[in-house]
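Throw the hints in and build the complete structure from the sequences for me.
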Amino acid sequence: MTIGEVVGTVVSTHKDEKLIGAKLLMVQPLTLDRKPKGEPLMAIDMLDAGAGDRVLLVHEGRAAQLLLGKDLSPVDCAVVGIIDHVDLHEGC
Amino acid sequence: MTIGEVVGTVVSTHKDEKLIGAKLLMVQPLTLDRKPKGEPLMAIDMLDAGAGDRVLLVHEGRAAQLLLGKDLSPVDCAVVGIIDHVDLHEGC
Amino acid sequence: MTIGEVVGTVVSTHKDEKLIGAKLLMVQPLTLDRKPKGEPLMAIDMLDAGAGDRVLLVHEGRAAQLLLGKDLSPVDCAVVGIIDHVDLHEGC
Amino acid sequence: MTIGEVVGTVVSTHKDEKLIGAKLLMVQPLTLDRKPKGEPLMAIDMLDAGAGDRVLLVHEGRAAQLLLGKDLSPVDCAVVGIIDHVDLHEGC
Amino acid sequence: MTIGEVVGTVVSTHKDEKLIGAKLLMVQPLTLDRKPKGEPLMAIDMLDAGAGDRVLLVHEGRAAQLLLGKDLSPVDCAVVGIIDHVDLHEGC
Numbered sequence: 001m002t003i004g005e006v007v008g009t010v011v012s013t014h015k016d017e018k019l020i021g022a023k024l025l026m027v028q029p030l031t032l033d034r035k036p037k038g039e040p041l042m043a044i045d046m047l048d049a050g051a052g053d054r055v056l057l058v059h060e061g062r063a064a065q066l067l068l069g070k071d072l073s074p075v076d077c078a079v080v081g082i083i084d085h086v087d088l089h090e091g092c
Numbered sequence: 101m102t103i104g105e106v107v108g109t110v111v112s113t114h115k116d117e118k119l120i121g122a123k124l125l126m127v128q129p130l131t132l133d134r135k136p137k138g139e140p141l142m143a144i145d146m147l148d149a150g151a152g153d154r155v156l157l158v159h160e161g162r163a164a165q166l167l168l169g170k171d172l173s174p175v176d177c178a179v180v181g182i183i184d185h186v187d188l189h190e191g192c
Numbered sequence: 201m202t203i204g205e206v207v208g209t210v211v212s213t214h215k216d217e218k219l220i221g222a223k224l225l226m227v228q229p230l231t232l233d234r235k236p237k238g239e240p241l242m243a244i245d246m247l248d249a250g251a252g253d254r255v256l257l258v259h260e261g262r263a264a265q266l267l268l269g270k271d272l273s274p275v276d277c278a279v280v281g282i283i284d285h286v287d288l289h290e291g292c
Numbered sequence: 301m302t303i304g305e306v307v308g309t310v311v312s313t314h315k316d317e318k319l320i321g322a323k324l325l326m327v328q329p330l331t332l333d334r335k336p337k338g339e340p341l342m343a344i345d346m347l348d349a350g351a352g353d354r355v356l357l358v359h360e361g362r363a364a365q366l367l368l369g370k371d372l373s374p375v376d377c378a379v380v381g382i383i384d385h386v387d388l389h390e391g392c
Numbered sequence: 401m402t403i404g405e406v407v408g409t410v411v412s413t414h415k416d417e418k419l420i421g422a423k424l425l426m427v428q429p430l431t432l433d434r435k436p437k438g439e440p441l442m443a444i445d446m447l448d449a450g451a452g453d454r455v456l457l458v459h460e461g462r463a464a465q466l467l468l469g470k471d472l473s474p475v476d477c478a479v480v481g482i483i484d485h486v487d488l489h490e491g492c
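Chains as they are written, first to last, in our numbering: chain P, 1 to 92; chain D, 101 to 192; chain H, 201 to 292; chain Z, 301 to 392; chain X, 401 to 492.
Everything labelled a hint here was simulated from the structure, so no lab data went into it.
DSS-like cross-link-like pairs, simulated, lysine-lysine; straight-line CA separation at most 25 Å:
id, chain 1, residue 1, chain 2, residue 2
1, H, K235, D, K135
2, H, K235, X, K435
3, H, K237, X, K437
4, X, K435, Z, K337
5, D, K118, H, K223
6, P, K18, Z, K318
7, X, K437, P, K37
8, D, K137, Z, K337
9, Z, K337, H, K237
10, Z, K323, X, K418
11, P, K23, P, K37
12, D, K123, P, K18
13, Z, K318, X, K418
14, D, K135, P, K37
15, X, K418, H, K218
16, D, K137, P, K37
17, D, K137, H, K235
18, H, K237, D, K135
19, D, K123, D, K137
20, H, K218, X, K423
21, Z, K337, Z, K323
22, P, K35, Z, K337
23, H, K223, H, K237
Covered by chain Z, according to a simulated footprint, are these stretches of chain X (three or more residues, beta-carbon under 8 Å):
id, stretch
24, 414-422
25, 434-441
26, 460-469
27, 474-486
Even glycine gets a Cβ: it sits at the ideal position worked out from N, Cα and C.
Next comes the structure, spelled out in structure tokens:
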């Protein structure tokens, strides 16, 4: 899984019917010291994450499809947790 | 999922028979500020996306195969939505 | 899927038995303007692609295994089409 | 699989119910000469790895889901071994 | 699939039980002209590859799990062939 920050919401009227009703967030991956790194990912969200939240993303088809609760949905990325904090070990 | 812009159409006469009839688009991934980034992806399109459209891509085998509607087709990327706009949260 | 150019053939005598008889090509991924980019991929080929051909690659296990026609073969990349040309849209 | 060093623990109160009880580590991928490289991965851990341990990560949905022991859990990365050492061959 | 050179052996005493007995190699991916590129991958090996061998790697869960011969093992990368040579086409 990766960590990212919720930076936006994707609006799409014309989409696959299995995506209707799904909330779709734009999430910016973050580095160890919380800097943005790499390109944004679009993820479905069933946990009601909000702007600025740090979230845990799963980036794999079966797992994301499971979360959407619709069999064989065309998704590959999902929010699976909202992060309270990360305890970095000493010396890291 | 990732966001990209439709930049072309791929023409292939000699291909796997399960791809016959499938529309195949060349899509350029985009950054948060809509700049091209990384290499183009080829995606099947069942939503009739057109030149310049910003689209939502799923990049996973099972999901793409599902969209093509043919069991076990050899595809791994598909257009799953045409994007109206992205609401970027303030401060992002 | 990605686009690449066939640059070589891989010869392997000692290999998994399910790969015996499979043609294995070395394919160099290409950018939008047909420049080599990134590292070469090895792909099975059932379409008889030749040196210099631009090909469409699927890079996913189930899809590649399907093409090889042997259940649960240890492959993850396959040629699924030989590209005639790409129609780039104006302004792209 | 990849090798990484355990650098932290992820704390998430609000998460998918199938993740409740799962220990979630932040792991920094390492190069051949044990330097950090690339962005951290979040992995479930059933082996009780600790701070500073070098671990073997599997980064694939089915495999990670298997380890968690809950059918179809939304995870894609897991610790599958704690590394004692790597024997580098001469000349490498 | 990708090509790499066997550079080491990974020793792990405390690991998932399904990995017990599996030989685990460290493999350095190679470029077209056989230079090291990118980070090392850990792969199971059932073909008895040795130090310095150039090998063909499959990097996908189902395929690697198949090779290990244990149902649903937590692996995602495996050696599937030892490469004799690559015939590069003229002009490449």
